[in-house]
Amino acid sequence: MKTEHRTRRARLLLYGLLCVLAVPFVFPTWWMVTSSLKSANEIFAFPPTLLPADPSLEAYGRVFEFAPFAAQYWNSMYIAAVVTVGTLAVSSLAGYAFARIRFPGHNLLFLVVLVGLLIPSEVTIVPLFQLFNGLGMVDTHWPLILVPIFGAPSVLATLIMRQFFIAIPAEIEEAGRMDGLGRFGLYRRIALPLSRPALGAVAIFSFLHSWNLYLEPVVFLSTPERFTLPQALTQFTDAYGGPMWDVQLSAATLSALPVLIVFVIAQRQFVEGLAHTGLKG
Amino acid sequence: MTSPHKTTSPRGTAPRGDAPEAGPSGKPAWWTARRRDRLAGYAFIAPQLAGTALFVILPLGLMFWYSLHDWNVLAGGFVFSGAENYERLARDPALPGVLRATAAFSVGLVALNLSLALLLAILLNQRLRGTVVFRTIFFSPVAVTLVAWTIVWRFLLQDDGGINGLLSALGAEGPNWLRGETTAMISVIVVQVLKNVGLNMVLFLAALQGVPKELYEASTIDGAGAWTRFRRITMPMISPTILLTAIITVVGSLQVFAQIDVLTGGGPGTATTVLVYYLYQNAFQFHDFGYGATLSVLLFAIVLVLTVIQWQMRRKWVVHED
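Protein sequence lines correspond, in order, to chains A and B. All letters in the first sequence, in the order written, are residues 1 to 281 by the working numbering. All letters in the second sequence, in the order written, are residues 282 to 603 by the working numbering.
Just so you know, the hints here were simulated from the structure itself, not pulled from any lab data. One or more hints might be untrue.
Unchecked claim - Ranges of calculated distance between the beta carbons of each label pair, as one might list FRET restraints: (1) A:W30 <-> B:G342: 45 to 51 Å; (2) A:F184 <-> B:L447: 39 to 45 Å; (3) B:G452 <-> A:E58: 34 to 40 Å; (4) B:L355 <-> A:G136: 18 to 24 Å; (5) A:A89 <-> B:A453: 53 to 59 Å; (6) A:H106 <-> B:V354: 38 to 44 Å; (7) A:F184 <-> B:A507: 50 to 56 Å.
Think of the CB as a built atom: it goes at the ideal place given N, C-alpha and C, for glycine as much as any other residue.
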């Protein structure tokens, strides 16, 4: 009797603690979405209103007046898509070879690739700028595509894929070989279909990485039509350089909401995919 | 277009093993299964290897080369200057402050991130209903666009923003968070931790769920309390995950740029000017690429040293490893 009472109190305490801890994680997003529907005055109202008194999409219209926001949105979308597909291709091929094919120099080459983990693009941004400058690719999307596909994030992806491919039993591949599959066939028809969780995790990682990319756009891009969303969001300022809060929050909501909705719908795959990638040591 | 008839051996009789095949189908004798497999291996890693060479290793080499030059784009010229940039680095009056800010930020971020992630993971690992909802909540900022998240917090942390509104409702008066040196640093750390702690939490949670239940049962029979169980069983069992997340978090903390640019712009003064931000300012705002490259070398050295140290620590306190 007594212990039951105690565990019930402990459970209540636990729920209370979880609820308190949840506030700083939920409130900013909630506030961003609801405030984007408020008038500029209501945003600053005190005490703050939890729901907009008079919801209006007016600020959303101004987002597209002040900036080529549709083009910027498209830029972010297509760049993230290309980076995701490119990273999946490059890292699954390399990860497969490092996991399952023996070739001379195997270990050394793996080490060379791993060095990439220690060299984030923040470290090499100065020479990268000069490199792309020499190729005439400044103020284009090429650096935003090529650097993530081949740089540190893709090395991490290769590592994740390799860990996954190593665990595939040799008998399965042997059976495929009996059926006359060559190396590419084994990779394409056996290894890839078996590694959906790892591919999913890599896809999420690389999409979010590209979607959030900030330093590269700021360094490489100067034409507003070519901006991506993170850089575009910072540009909603009035003539004095102060932020136009209602417009900025509407733009921020537009940039965050689709990804957030996809996350909530697919949260199981999202979270568990990331947890079971061989990263758990 | 005008290729001859297929010369590959028919399906099902593809060579296995290493026996050289003296091409009955017209193939040269050296074209063995093993050679073909090796070739496939090189072809598979070729994109990654070429990309690493071009976009990681070449820039790394260029970085060292540039750091030996006096190269101001505005003043023009690219003149070999030997160790001049490094002497300047040693004398740079702003550098001690920058390194202090970098250290404060990294230490604060890693400590808060790892401990909060572990706490959340342990709370979620209790057998409770509804933990999936809380897991989703704690993880959700990971899915919010980084700059959007930061912009919202900049508003909340303003002098007349939501945080101080909340505090005054509770009868306390909050500081102007982003304008005070210490509070600005704390703000940047907390905002960044809240954004990404969900990732480490999920990794810790997976590790916690991998600890065999029998170990806990056995130790409970032996009379071990909750704290002892945590220290003697949980910590050792999840230590490989802690090490891995620590390395990733430390290296990540040295790359934080967007949050600082949006929240504080490195200020007030240079209170939140971390090394990445200082390097960005020198190279892309003052157009001093030579010195920018020198600061990059310093950043690289720090990343390298920290990773090696943590890797060495693995032997000391990571208990089991496969």
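Violations among the numbered hints: 2
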